[in-house]
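Visitor: The primary structure of each chain is shown beneath.
Protein chains: 8
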Amino acid sequence: MTPQALLAILSEVEQGRIAPADAAEKLAKLPFEDLGHTRVDHHRSLRTGLPEVIYAAGKTPGQTVAIFDSLRRDGVDTLATRVSAETASALLEAHPDAVYNAIARTVFCRKAPAETDRGHIAVVCAGTSDLPVAEEAAVTAETFGARVTRLYDVGVAGLHRILAVRETLAEADAVIVCAGMEGALPSVVGGLVGVPVIAVPTSVGYGASFGGASALLGMLNSCSPNVVVVNIDNGFGAAYTAVLIARKTSSR
Amino acid sequence: MTPQALLAILSEVEQGRIAPADAAEKLAKLPFEDLGHTRVDHHRSLRTGLPEVIYAAGKTPGQTVAIFDSLRRDGVDTLATRVSAETASALLEAHPDAVYNAIARTVFCRKAPAETDRGHIAVVCAGTSDLPVAEEAAVTAETFGARVTRLYDVGVAGLHRILAVRETLAEADAVIVCAGMEGALPSVVGGLVGVPVIAVPTSVGYGASFGGASALLGMLNSCSPNVVVVNIDNGFGAAYTAVLIARKTSSR
Amino acid sequence: MTPQALLAILSEVEQGRIAPADAAEKLAKLPFEDLGHTRVDHHRSLRTGLPEVIYAAGKTPGQTVAIFDSLRRDGVDTLATRVSAETASALLEAHPDAVYNAIARTVFCRKAPAETDRGHIAVVCAGTSDLPVAEEAAVTAETFGARVTRLYDVGVAGLHRILAVRETLAEADAVIVCAGMEGALPSVVGGLVGVPVIAVPTSVGYGASFGGASALLGMLNSCSPNVVVVNIDNGFGAAYTAVLIARKTSSR
Amino acid sequence: MTPQALLAILSEVEQGRIAPADAAEKLAKLPFEDLGHTRVDHHRSLRTGLPEVIYAAGKTPGQTVAIFDSLRRDGVDTLATRVSAETASALLEAHPDAVYNAIARTVFCRKAPAETDRGHIAVVCAGTSDLPVAEEAAVTAETFGARVTRLYDVGVAGLHRILAVRETLAEADAVIVCAGMEGALPSVVGGLVGVPVIAVPTSVGYGASFGGASALLGMLNSCSPNVVVVNIDNGFGAAYTAVLIARKTSSR
Amino acid sequence: MTPQALLAILSEVEQGRIAPADAAEKLAKLPFEDLGHTRVDHHRSLRTGLPEVIYAAGKTPGQTVAIFDSLRRDGVDTLATRVSAETASALLEAHPDAVYNAIARTVFCRKAPAETDRGHIAVVCAGTSDLPVAEEAAVTAETFGARVTRLYDVGVAGLHRILAVRETLAEADAVIVCAGMEGALPSVVGGLVGVPVIAVPTSVGYGASFGGASALLGMLNSCSPNVVVVNIDNGFGAAYTAVLIARKTSSR
Amino acid sequence: MTPQALLAILSEVEQGRIAPADAAEKLAKLPFEDLGHTRVDHHRSLRTGLPEVIYAAGKTPGQTVAIFDSLRRDGVDTLATRVSAETASALLEAHPDAVYNAIARTVFCRKAPAETDRGHIAVVCAGTSDLPVAEEAAVTAETFGARVTRLYDVGVAGLHRILAVRETLAEADAVIVCAGMEGALPSVVGGLVGVPVIAVPTSVGYGASFGGASALLGMLNSCSPNVVVVNIDNGFGAAYTAVLIARKTSSR
Amino acid sequence: MTPQALLAILSEVEQGRIAPADAAEKLAKLPFEDLGHTRVDHHRSLRTGLPEVIYAAGKTPGQTVAIFDSLRRDGVDTLATRVSAETASALLEAHPDAVYNAIARTVFCRKAPAETDRGHIAVVCAGTSDLPVAEEAAVTAETFGARVTRLYDVGVAGLHRILAVRETLAEADAVIVCAGMEGALPSVVGGLVGVPVIAVPTSVGYGASFGGASALLGMLNSCSPNVVVVNIDNGFGAAYTAVLIARKTSSR
Amino acid sequence: MTPQALLAILSEVEQGRIAPADAAEKLAKLPFEDLGHTRVDHHRSLRTGLPEVIYAAGKTPGQTVAIFDSLRRDGVDTLATRVSAETASALLEAHPDAVYNAIARTVFCRKAPAETDRGHIAVVCAGTSDLPVAEEAAVTAETFGARVTRLYDVGVAGLHRILAVRETLAEADAVIVCAGMEGALPSVVGGLVGVPVIAVPTSVGYGASFGGASALLGMLNSCSPNVVVVNIDNGFGAAYTAVLIARKTSSR
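Chains as they are written, first to last, in numbering that gives the first Met the number 0: chain A, 0 to 251; chain B, 0 to 251; chain C, 0 to 251; chain D, 0 to 251; chain E, 0 to 251; chain F, 0 to 251; chain G, 0 to 251; chain H, 0 to 251.
So here's chain A without its partners, still in its complex pose (with noise of 0.2 Å):
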């Protein structure tokens, strides 16, 4: 129901044309959020002004290339995360400007011109098997409007290569850490900076590595306390995040 129809109802009571019982029971019944709007997606884009997301993975290139077409259509900037080669095939062949980033397994169409900076994110990450979704992170984030500095291949068995790049990090409004194995980084990162720090486990390891999770509970595990958490390989939800924090930030 839209707000105009809700309108609508009372002005019927107003003149006389409902009588109050049944609008009450009419009304009391109302979904609370669905006032003119009736997917999520759509009401989460109107809510929080960033762009529409497609998660790829588990949908065949035609699913995903149908609900690209259909998100376009409403005329919003528009990204597909977790996209196979497959699809991004497809989506390129359907939408020629859009732009296909293999590393980061991304596919992204803009409608209207970029915003202008929407706050500064850092996206860290330990190697070079994290780079998939240190670039998801970086390629979300991008997306969303952020200006984002790519700080690759600081390992913490190297304190060197992290100094070098502190003032780097202590100039964003946010920082993401994505790091495997022993999930350690965030943690020195966290001591580095005076902001937020969103750590990303990986997958990335063998063994005991268990998929991430040693390097997750590494992170949950965190002696700094401007660390939090999110679910492996989640880069997208990390950058997600990020552009909350960092969009507040330069937007006043």
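Be aware that one or more of the hints could be misleading.
Computed cross-link-like contacts, DMTMM-like style, restricted to lysine to aspartate or glutamate with a CA-CA straight-line distance of at most 25 Å [to be verified]:
hint, chain 1, residue 1, chain 2, residue 2
1, B, K58, D, D152
2, C, K58, F, D152
3, D, K58, G, E92
4, E, K58, B, D96
5, E, K58, E, D68
6, D, K58, D, E92
7, F, K58, H, E13
8, F, K58, H, D152
9, A, K58, C, E85
10, D, K58, D, D68
11, B, K58, B, E13
12, D, K58, G, E85
13, E, K58, B, E85
14, E, K110, E, E92
15, B, K58, D, E85
16, H, K58, A, E85
17, H, K58, A, E170
18, B, K110, B, E51
19, A, K58, C, E166
20, G, K58, E, D152
21, G, K58, G, E85
22, C, K58, F, E85
23, G, K58, E, E85
24, G, K58, G, E92
No lab work stands behind these hints, which were simulated from the structure alone.
Since the structure of chain A is provided, determine the placement of chains B, C, D, E, F, G and H on it from the hints.
Guide: The following block gives chains B, C, D, E, F, G and H in isolation, referenced to the frame of chain A:
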């Protein structure tokens, strides 16, 4: 907001004392579920017709008595579960007509005459150590108006015991099976009856029983398709659902 | 041994053709359940009145077709679940009147006219990735004679979607809720309805979803007392129990 | 080494009192971070402007009082968390102006007038058992200068309670959600607001809650992309990060 | 129902006092196993010839004494395991001829003269901390009539100790090996003997021993094919099975 | 060193050709077990009288054939387990008299006439999916000279099937029970017989079966004290131990 | 058997008093390691030259004192670890010259003058809660004759603290790093030094630290290749190995 | 920045060409470790004197060749581990003088003549399936200049095999033990030698081996105090640390 309050607003619109636009703004923000009741337990009680239940674990005797008092003032049957001996004493002092079941760890107080039979529930358990959980289930079900048949100490290592109660099982509207250790009893019972079996893993056992986790896993993997599972030691939840099943059956 | 055979033995005793001691020895060893049926599946079918079901996972197409043939010869409705595309082809070739549901991975063949309505079951799922499990549940329930309402894509991150279907949920005799990831949907649905909710964790997710274990744990810890749980991806078991609940309700 | 000391060395080089080679050896070994502060906590306090915090768990009352004394002598606001009743008595005896919060298990002592508002944080919890964690978060955030709105006892089994506080949630700069059992509340809250949600799993529950692990896993798998997670019962860390988010927002 | 009772019914049929149809109905419902004994423990005792055993953990002293009394009245040897000091006192007061083993936590009472040798069982353990489990096994086996050789403190870090008892091991009919920590001893013993080795993981250890789970896993992965495993700390079960093996051997 | 070599040294001492002190030094370092045989498998074969067994998993066809050749040259019965189809072809080509069992994944070659009966082993399994493990056990036991009775498809959800084979079970010297899913069958069988029951959890199942871990845990927690357990899918180990039990019994 | 006894046998052979064949039989069965010492600890002490150590956890004060007495009578340095306050009192009463370290939970008694320096070991820990484990390591290493440098409270959240001790670390022959929570410190230290780093996870932490398991997993997944790991809280084992490393280095 | 560059700056200060304040600002920000080398691997190589190593898993053949080329240009010995057959071909084509070890999955290229002996390392493994891990360790150690003795196929189920190599073990400076399944071998070896034992759990096994986790847990709980552990299958890390131990020993 009560239905009365809603009606009042709409009457004011009808009488022109509130403009439709103002009323629309007011009503659009109304919490959907908040018409005439403010606490979820009351709401649930109204919807299901089952008595109020206080989960006493983690509450002080004083807190438990206070909530118990409040509910009795509302004139509803009242049940407290996971009651410690100390809390039980406090409740009995305040409510001399309440009934304490030390094994089930429950205190119950009935206000109105008990409903007539609301279905038949069999509560089965494998060993004497499972009794507290089985009794929590049995007392809860009785409190909610069901007729309960207790079939205790019928473990799978002595099949003749289960077979001896087979006819009784078959007559129930729902069967609750409490078992620790390997948790095999629900599968065996499930194969004997044609009604839903609600399996309750108990924390009985040692070593690789891992606090009931082994029994839980066994029940989730049951080869009998009419077995559903609740949390470890959750006799209350099993009874709650069993009553919903049995009552419908018998009330039509 | 059939009841007829038992009667025959006793008649021979009456007529003095078998000595009591010999009959005693014979009868003492009789398998308790083996009176008149020799295979458990037939027995279950007789007891519950539900069709035969073949779990096709881990069986070759040839094996599945052979069992399917055998059951159809017995003149009963026949359902195969977890059917691969290859097995589905083989079944359809042998039974052109069978119906294949590619999403639910089921093949069904009805012999007699469908029973009249045996209760109403709502099948709810959180996302499109949960569809195979939800459809397995829905098709199974329909096969067993229930009326099924499908309420798909109503995840907890957009409450208005759940609230929009609240009335439909409240009309069901039992609700099946399939959800992966955090498995929060059954708790929310359980709070909205006064009937049993059967929660089915799905293996949807990645990273710390651990193949559905996180959703399973969430559901077992539900704060709604009318939620019971089955194994990960076990849409069939959920439907089987839901039909037992719904049928009783509607048949009286 | 302070910046002054560094300047002194370089001046001595300029004046020819130290040979460049000797200075080079001296400077090459300088600890990078050790310019003007020797203890990490002081350093963190200087960098973030947040008060000193003592984690009192595992420290004797005497040790805690000694550290508390030392920090107060530095003239900074001082907060102790996870304070036992015994330690609280010792602290209050030594610092009669300190404030003890028995539920939050905190002792706080403010030296200078509280800062003006540094952002708005909503602290939400699902049940009364989650109060100690929620209060630890709330008191920490207030100590750090944030305005805190407490929204307690709004579990997912009664959606109307969450919906009733929806507007308040939407006004916060960051939301902290504490929940045990299935840990579903952060996803629901995350779907209602457009700001970062920091989820704190609590060790509330029994059986398959596994000391909070189930709630933790549920939160990590949240379908709301604006949900980030901290360790079980870590109300302090959640508040620390929330203040970093909220303060930036409001200070610009 | 006893065999006598069954014979009585059939005689009545023969004499025409009961109609075959009535007898058929009566017999068809007879529990298969319930001919002549009504409690599983008695049944098991009759079948195996082993004494009755009371698992005292989780039972009050009063309950344990009551069951002990009842069994002794039946004139059978009686063993109680997992006996607390308090329960032991109560048992010894009631049964002054009973024998209490404080390390094994057992109380035993023999009625008839002990059977002659029923096989030879070696009980091996790795360290002094494993003694309670090893003694539970040894006392149980002796109670059941086996000759027991104790070989204690022969951990794998000092192979000469194991090699020194090699001949004794080789003479046993079955070997029980109790070990905590890494649980390596059963594999080593299994390689030295040609008889079944029953491995009992103990909860001895700390840290990553996880309450005996590590020892359990080690034993399940044994490279010696004659190693079988029981639950953590289950000395009783190991002895029970060892006696079944050893007795057969020696009784023929 | 062979016994001959030892004798030679001692003779040299007797004859004064080696000084006692020199001989002492030489003998003190002798590997204890290395008197006349150099490979463990030969040693085990000599000690137990059981044929050689090759575990083919993880070996190439060529490697497996080479070891098979070597063992046959020694003139002993030879069994290969976990044989792939490709390896089986290679073995059959090289040893046309060998027998391949595709379900059990074994290849066996007998050199001498089979031994006379070495005891009676019952192999029980719960479902058709457990067949490969059950057959590995059955074929191994037959290879080792035991008489095997196969009792398949007797799951606990249909007790009449187990009860129907009760007498056969009771006649065995040892019972092997293979079961996946909830792993309840060994407890039920253990309650029916008075001989050792060797439980083999199988990796059959899905979701919360966790690759057989749930069945394993169920079996370790069995309430039947005559149940011992081996590794998941370890039909070979179960048969190996069962033969050691059964052979002793029947050979005396 | 002592070397003397062996020599005696051989002399008898030389003198013709024992036939070579009889001696051969006798010697072939000699336990390999059992020449002149009967307890493993003595053997280990002889082989490594390190003092005897008593692991006092799980032993009564009386037992511990008895073993301590026995070892001192042998005239060796004696160390007891995991000593409770009660046991410490008993030891000090019996051995007034012993030294009790309450934090390390050790009691030590030196017989001969301490050896000269046997290498240099650095013991590093992350926080004050790790002190008991770090001190157990430090005291053990000192007892064994090593020079120990303690570098405490150098967690990764404040890198300047680690960098400040970098030169000291680089001078050690081996480094022991004790850390709980995320266990990141060994990786950082491993990157700074060119010697072996022995990582000791501690059980410090709460919630998802799971009693030290998270720290353990982090250390096993270290990206520094010179990091090896011991059991949770195993300061003793870390020191034992570190001394073996350091002593070799310095003794040449 | 090289030491030369640092000296240049200081000389400019001495000569008055840079003001002390400007130099102070410049030097204060210098990354501590970044004096004269910019990549961590080079730094580590310089510090330890060990060759560069490329971990090829997760890198394409092209990427691996490119890094290999770059390192060789630097004139250092170069080792690649976890090399697939495809990558090995590419490396050998580009570097015909490189040596490929298919079992160890390594490619090595020596530039300068091999160093003289840098210590003696024994590599022990339990079964033939552990060979790839053992060979990775052996080849790595040889590459780093150590003398390696391979002692393969000496599992604990046949102790004579271990005892036969006892003297060889005792001569090593460090021992690496690779074992899967129950992981018992390191404890046994640790009891035989007086040097550090580095245990490498392998992922060999099935069922309850859980990909090497059981072996890992066994090794962490070793009763031999000279056993330290690395990650599952981490033959490289074990060799790296073993060389650090052995080299120090032999170089003095």
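Visitor: Please write out, lowest number first, the hints stated earlier that are contradicted by the structure.
Guide: 3, 4, 7, 11, 17, 19
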